[in-house]
Each structure stands twice: as C-alpha cells, then as structure tokens.
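Produce the entire structure from the sequences given, and follow the hints as far as they go.
In order, the protein sequence lines correspond to chains A and B. Numbering-wise, the first sequence is residues 1 to 563 according to the working numbering. Numbering-wise, the second sequence is residues 1 to 163 according to the working numbering.
In case anyone wonders, no lab produced these hints; they're calculated from the structure. Beta carbons are placed, not taken as given, at the ideal position from N, Cα and C, and that holds for glycine. Any given hint could turn out to be false.
To be verified - With a Cα cut of at most 30 Å, we get these calculated DSSO-like pairs of lysine-lysine:
#	chain 1	residue 1	chain 2	residue 2
1	B	K83	A	K132
2	B	K40	A	K191
3	B	K83	A	K309
Unchecked claim - Simulated restraints, written as ranges between beta carbons of each label pair:
#	chain 1	residue 1	chain 2	residue 2	range
4	B	D56	A	K183	55 to 65 Å
5	A	A491	B	D56	34 to 44 Å
6	A	K334	B	K82	34 to 44 Å
7	B	P143	A	A491	38 to 48 Å
8	A	K201	B	E2	29 to 39 Å
9	B	D45	A	K187	24 to 34 Å
10	B	G81	A	A491	19 to 29 Å
11	B	E2	A	D343	33 to 43 Å
12	B	D56	A	F366	51 to 61 Å
13	A	K187	B	G81	23 to 33 Å
14	A	E356	B	E2	29 to 39 Å
15	B	D56	A	D343	36 to 46 Å
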Amino acid sequence: MKLTGAQILIKMIKAQGVDTMFGYPGGATIDIHDEILKHDDLRHIVVRHEQGAVHMADAYARAHKTTGVALVTSGPGATNAVTGLASAHCDSIPIVVFTGQVPTALIGNDAFQEVDIVGITRPCTKHNYLVKDPNKLAEIIQEAFFIARSGRPGPVLVDLPKDIVQAMIDFQMPEPMKMRNYKPNYKPNKKQIATAVKMLKEARRPVMFGGGGLILSGASKEFTRIAKFAKLPVTASLMGLGAFPGTDENWLGMLGMHGTYRANMSIGHSDLIFAAGVRFDDRVTGNLEKFAPDAKIIQIDIDPTSIHKNVDVDCPIVGDCKMALADIAALMEKEAPENFMNDRVAWLKRINEWKELTPLKYDQSFDTIKPQYVVEKLYEVTKGKAIVTTEVGQNQMWTAQYYHFEAPNHFITSGGLGVMGFGLPAAIGAKAAAPDKTVVCVAGDGSIQMNSQELMTAVAEKLDVKIVILNNRYLGMVRQWQEFFYKKVYADTNMEAQPDFVKLAEAYGATGFRCDDPAKVIQTLETGLNTPGTVIMDFIVEREESVYPMVPAGGAITDMLLV
Amino acid sequence: METNRYILSILVDNEPGVLSRISGLFSGRGFNIDSLSVAKTAEPDVSVVTLATCCDEHVIEQIKKQLHKLINVITVNDLTGKKYVERELVLVKVHAKTEKRAEIMRIVDIFRSRIVDVGVSHFIVEVSGDSGKIHAFIELMKPMGIIEIASTGTIALGRENVK
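If you want it as structure tokens, here you go:
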C-alpha cells in the first residue's frame with residue numbers, strides 16, 4: 001500500500017486510540033492538516049497559541065487517563081510549545097507533541113522558521129525524535145506513544161520535516177514494538193514489600209503521603225484501602241490531591257509550604273512516612289536538614305531516580321504504585337488491623353489537637369469578598385464534583401486548600417513547573433475529555449491574562465468552561481512574598497491596569513459577570529455555572545489577602561507562619 | 001561525604017544527539033565531567049562512552065540512575081571498585097633545548113613513552129597509561145616548558161571477571 005508520510009502519521013495516531021488532538025497549522029504542517037480533514041473520527045481543535053495546545057493535551061490526558069496529542073508547526077510554533085512540554089515533563093504527563101520541520105535538505109541552513117527543536121527540548125521531554133527516513137516514521141510514532149505512557153510517563157516530541165510528511169512510500173503496519181534499552185520495571189520486589197509491612201507494624205507515629213504518581217498509576221483505591229484498614233492518617237502533595245477523599249476523617253490536608261498545620265506537624269513528628277508516587281520536592285520538604293528528623297521512610301516510585309534524590313529512604317520500592325500498594329494491602333489484610341495500630345490512639349489524639357489548635361481558616365468579612373470564601377462556595381455549589389483547573393499562585397493554593405477533592409483526575413494544575421497561563425487551556429482540554437462534567441478554571445487576574453486568547457478556542461469549539469477570577473489586582477503570591485520578606489515594596493506586582501474581564505468575555509462571544517459583594521458570591525456562582533457557554537465570573541476580592549499557613553523558604557515544615 | 005573518582009563505561013545507541021543527551025544531563029544537573037571519550041564498538045549500532053567524574057557516593061548514584069533513564073543508554077557499568085584496565089593517551093609538545101634533550105629522553109625512557117616528533121626546538125612525546133602515570137609524567141615535563149597537550153581522555157575496560 002502506497003501512503004504519504006502524512007497519511008501514515010494519522011493512521012498510526014489513530015491506531016493508538018487517539019480521537020482528539022490540539023494544534024495550530026503552519027507552512028511546515030499543511031499536509032498533515034489536509035490529511036486530518038479527511039478523518040471524521042479524529043477531532044482537531046484549533047487553538048489560538050501553541051502553548052495552549054500543549055496545555056490542553058496535558059489536561060486532556062489527565063482528565064481522560066490517556067495520552068494527549070498536539071501538533072504545531074516548525075520554528076516559532078515549536079518554540080511556543082516548549083513551556084507546555086516542560087510543564088508536562090515536571091508533572092509526568094503522557095503527551096506526544098508533533099512539530100513541523102523544514103525539509104531535511106534545509107536542516108542546519110538557518111532556513112525560514114527553522115529551529116533545532118530536538119536540541120531545545122532534550123532536557124524537557126522524556127525523549128524526542130527527528131524523523132529522517134519516512135520508512136521509520138510508523139515505528140517512531142509507535143515508540144513515541146509507548147515511551148510517553150509507560151514507566152514514569154512524560155512528554156515525547158516527534159519532529160517531522162516537510163519532505164518526510166510529503167514522501168510517498170510503501171507502507172506496512174510495523175511489528176509490535178521491541179525496545180532493547182527501555183524496559184520500565186513495574187513489579188515491586190517481594191522482599192521490600194514484606195519489609196514495608198513490617199515497618200508499618202512497628203511504627204507508632206505513621207503517616208501516609210501520596211503524590212501525583214498515585215493518580216498516574218490509578219492507585220488511589222489501593223492507597224485508600226490501606227489507610228482505612230489500619231486507620232492511617234493521610235496527607236498528599238499538590239499533585240496528589242484527590243487520590244484520597246478530601247472529606248475522610250483520616251485526611252490531614254495538603255503537605256508543604258502552604259499545607260495544613262496538622263499535615264506538616266504530623267509529618268514533622270512522625271516516626272514513619274509511607275510515601276507513594278512522590279518525589280520529595282522542595283515545596284514539600286522545606287529545609288531538608290530539618291525534615292522529619294525521627295522518621296523512617298518507605299518510598300514507592302516507578303522511577304528509581306526519585307528515590308534517595310532529596311531524602312534518604314529506608315525502604316525503597318521501585319515499581320508501579322498500584323501493584324506495590326495492592327501487594328502491601330494484601331499482606332496487611334492477612335493480619336488483624338489492630339496489629340498495625342501501635343499506640344495509635346495517642347498519635348491520632350495528638351493530630352486532632354493540632355487540628356483544633358490551628359485549623360485552616362481565614363477572617364471572614366462582610367465588606368469585601370475573601371478569595372478563600374469564593375473557593376469554599378464554589379466547592380459547595382458544584383458539590384465537589386467539578387473538574388477544577390488552576391492558574392498558578394494564590395488562586396492555586398486556595399483551590400488546593402478549600403476545594404476538598406474527592407476523586408482522582410479532578411484537580412488539574414501545573415504543579416512542578418508552575419506555569420501561569422496553564423489553567424484556561426487546561427480547562428478547555430479537560431472539557432474536551434469530559435464533556436459531561438462541569439469544568440471550572442480558578443484563576444488570578446494576572447495569570448488569566450497569560451493565555452486569555454484561548455477564550456476564542458473555548459467559544460469556537462463549544463467547549464464550555466467556567467472561569468472564576470479571584471481578582472485582587474495584584475500578582476498576589478509575589479506580593480505576599482514582598483509583604484513578608486521584601487519590606488512591603490510591591491515592585492512591579494500591581495495589576496490595577498487590567499482589562500474589563502466582563503467585556504473581554506463578551507468580546508469573545510462568552511458571558512461575563514462581576515461580583516464585589518460577599519452577599520452575592522453564591523448567587524453569582526450559581527448563575528455563572530448555570531449559564532450555557534463559556535463564562536467568566538470576575539470576583540473583586542480583598543487586595544492584600546495572603547495564603548496561610550506558610551513555611552518561609554528554607555524553613556522547617558513545622559515552622560509555619562499562621563494567620 | 002567523601003569525594004572519589006569514578007569511571008563509568010556506558011553503552012549507547014550509535015545515533016546523532018546521544019552524546020548531547022549525556023553531556024546535557026551532566027550540565028543540566030550540575031554534575032561534573034572530568035573526562036569523556038566516545039568510540040564505536042564491535043557492534044556498528046552501539047558506541048561506548050567512557051566517562052570519568054569526581055563526586056560523592058550520593059551523587060554517583062544519581063548519575064548512574066539518571067544515565068540509565070535516558071532512552072538511548074543501553075547499559076551503565078561502574079568500573080570503580082572492580083578490576084579494570086584504564087588508559088589515557090597523551091601527546092605532549094615540550095621545549096627541547098640542547099642542554100635539556102638528554103634529560104627529556106631519559107624521562108621518556110623511564111615512562112616507557114616515545115618521542116614521535118623531533119623539531120629544532122621541541123619534541124612531541126606520546127605517553128600512555130593510567131591517570132596517575134600521566135599526571136606524574138606531565139609534572140616532570142613542566143619544568144622543561146610544555147607548549148601544548150592533547151589527550152584522548154580516560155578509556156577503560158572491565159577485566160575478565162567483570163560484567
């Protein structure tokens with residue numbers, strides 16, 4: 001069968017089960033878009049900026065538990081995709097990004113719209129390819145998808161020179177793939193599993209700590225099963241929110257710089273941290289020297305480089321979280337739960353005292369809207385069932401604190417890289433993946449401006465997203481640091497010069513509401529969420545509200561600034 | 001933690017860009033490369049990278065794991081603490097004034113090295129050996145006045161009982 005490169009590309013993408021992709025055309029990719037148009041079963045969502053396409057693919061992958069796909073052109077199209085790739089790389093999200101490239105004969109000649117995107121993205125992709133032979137195209141696409149979603153997932157980039165896409169070759173479906181070098185290990189070591197169970201039995205002050213790896217491996221059921229069986233207190237990193245029900249009595253709240261007081265105190269005073277799918281990032285550990293000085297650590301991770309990287313681990317388990325946790329649960333359940341509850345009453349009592357002493361709180365006001373109040377009410381109005389994306393900064397932390405996620409794959413945020421401009425495209429990608437769900441983007445007035453052009457994508461593609469802007473007319477998180485650590489000099493963080501967000505919504509064919517009265521927050525949320533189409537709800541909030549509690553950079557996590 | 005010298009023998013796909021993935025990993029993560037040498041192996045699609053680095057135990061563990069994570073890396077063999085043969089080949093261009101010639105030739109002899117080029121005012125000496133021997137030789141040549149040095153970097157092979 002004779003096929004062009006473009007035909008092979010689409011055939012192979014569809015063979016991977018892809019039915020939705022995000023992209024923006026350019027000179028180097030016309031042939032591919034021309035081919036996509038012939039496939040009714042492949043939806044291509046045209047974005048307004050390539051960064052948006054990659055964030056959408058990222059969120060699509062998370063909400064749909066699949067691999068996201070984006071297609072951008074050469075040169076600036078490719079460089080615009082870099083932030084999206086780097087974010088997906090930090091958060092281990094499986095996406096495959098195809099970039100157009102100048103014809104192979106021109107590569108290296110500084111041709112028009114040429115960049116060495118494989119060189120540029122080497123450190124921010126799991127792997128990348130430049131296709132130089134059309135006969136290898138099918139095989140490379142297979143490998144790209146396999147690498148993206150296996151092991152510790154991540155983004156893969158495939159660079160497609162124009163002559164490769166146009167080439168006409170004899171096509172045969174490639175053999176099922178074998179990769180000599182790349183064989184992720186899923187199966188945990190039995191001996192280590194037994195050691196972990198023994199450590200759980202001996203522990204007097206244990207805490208479970210889950211991260212994004214739980215969500216990626218679909219392990220929240222197993223994780224929750226263990227916590228319930230042995231009544232273990234549970235905390236999570238930002239990326240792990242939703243892996244354990246946020247309303248459960250064993251739930252401590254998030255850990256880290258803006259974690260709850262009791263989560264940080266519990267970890268700080270624990271004698272065993274049972275960690276799964278986390279990488280002990282600096283936002284979670286605070287000062288490493290003072291991190292959980294009495295704790296032994298069990299760590300499950302599919303990526304060996306995550307183990308022993310920042311903290312010393314007593315019981316490393318390399319393997320898939322779901323498999324390892326299922327093995328541990330099975331072994332524990334052979335015994336009575338009481339065997340794992342050494343002195344547990346005293347420990348739980350202490351944790352409760354921490355909670356009662358300093359619960360998550362803010363000062364309510366009847367004059368100005370408190371941003372935390374908006375998120376709290378959003379949680380109530382949506383009954384905790386919405387998919388929520390965030391931008392980055394205070395809006396992200398308040399969402400993490402006050403929207404009590406019940407289920408995995410419902411909280412979508414740029415955790416590792418912290419990309420402002422992530423939330424809106426992410427909401428659009430999530431809506432494409434879950435059209436029956438309410439999808440809300442919680443944004444700040446600064447970050448929403450970073451990719452606000454994607455409002456047009458949402459409206460044009462009828463991907464209805466609801467945007468909640470916590471508008472304090474500051475870059476609030478930086479302002480907060482300036483207040484605490486830079487003598488209240490608010491250098492360049494004042495955002496009073498801003499568009500009228502209601503009119504902005506209207507300009508794009510969406511609907512806008514503004515609310516500056518605490519008494520009308522619920523009403524605005526209800527109206528906004530029930531209005532068909534894409535909606536912006538612009539909440540004018542307390543300008544100098546800060547996120548509490550907070551661990552100052554470099555401090556121990558038990559050393560928190562409280563309200 | 002104590003700093004040691006480690007020698008890694010890394011088998012990689014013989015493909016463009018692989019060396020850049022390795023060097024990029026080292027620069028991006030702030031690891032140090034003392035020397036690096038790349039060559040083909042008996043298998044045409046496999047190359048061997050011999051890499052020497054100075055670091056502590058914690059860092060070498062990360063280096064090995066991170067290298068292993070690269071898709072194009074086939075195996076990472078840490079030769080440190082095992083039996084291996086290590087060599088480096090160095091060409092040294094040194095001032096050879098009449099009154100110093102005899103002394104240089106004597107040192108060359110002791111080190112079982114060779115003079116491979118003789119000029120009016122200089123010699124080029126070829127010396128090979130492990131890093132200790134090379135270091136000692138260069139120290140002895142310094143007073144003569146070294147003009148230029150070129151080196152292959154360290155290469156190494158595990159001995160028979162080493163996999």
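Right, here's what the structure says about each hint:
The hinted pair formed by B/K83 and A/K132 fails the criterion: a straight-line CA distance of about 41 Å is larger than 30 Å. Between B/K40 and A/K191 the CA atoms are separated by roughly 40 Å; this puts the pair beyond 30 Å, and the hint is violated. With a C-alpha separation of about 28 Å, the suggested pair B/K83 and A/K309 falls inside the 30 Å cut-off, and the hint holds. Distance hint for B/D56 and A/K183: a CB-CB separation of about 29 Å, inconsistent with the stated range 55 to 65 Å.
Distance hint check for A/A491 and B/D56: the Cβ-Cβ separation is about 40 Å, which falls inside the suggested range of 34 to 44 Å. Between A/K334 and B/K82, the C-beta spacing of about 42 Å keeps the proposed range 34 to 44 Å intact. Judged by the Cβ atoms, the range 38 to 48 Å given for B/P143 and A/A491 is violated: they are separated by roughly 57 Å. Hint check: A/K201 to B/E2, Cβ distance near 36 Å, so the stated range 29 to 39 Å holds.
In this structure the hint that B/D45 and A/K187 lie 24 to 34 Å apart at CB holds, the actual value being about 29 Å. The hinted range of 19 to 29 Å is not satisfied by B/G81 and A/A491, whose Cβ atoms lie roughly 53 Å apart. Judged by the Cβ atoms, the range 33 to 43 Å given for B/E2 and A/D343 holds: they are separated by roughly 39 Å. Checking the proposed 51 to 61 Å range against B/D56 and A/F366 shows it holds: the Cβ atoms sit about 59 Å from each other.
Range check, A/K187 to B/G81: about 29 Å between beta-carbon atoms, so the 23 to 33 Å window is met. Here the CB-CB span from A/E356 to B/E2 is close to 48 Å, at odds with the stated 29 to 39 Å. Under the hint 36 to 46 Å, the C-beta atoms of B/D56 and A/D343, about 38 Å apart, fit the expected range.
The structure does not agree with the numbered hints 1, 2, 4, 7, 10 and 14 stated previously, though it agrees with the rest.
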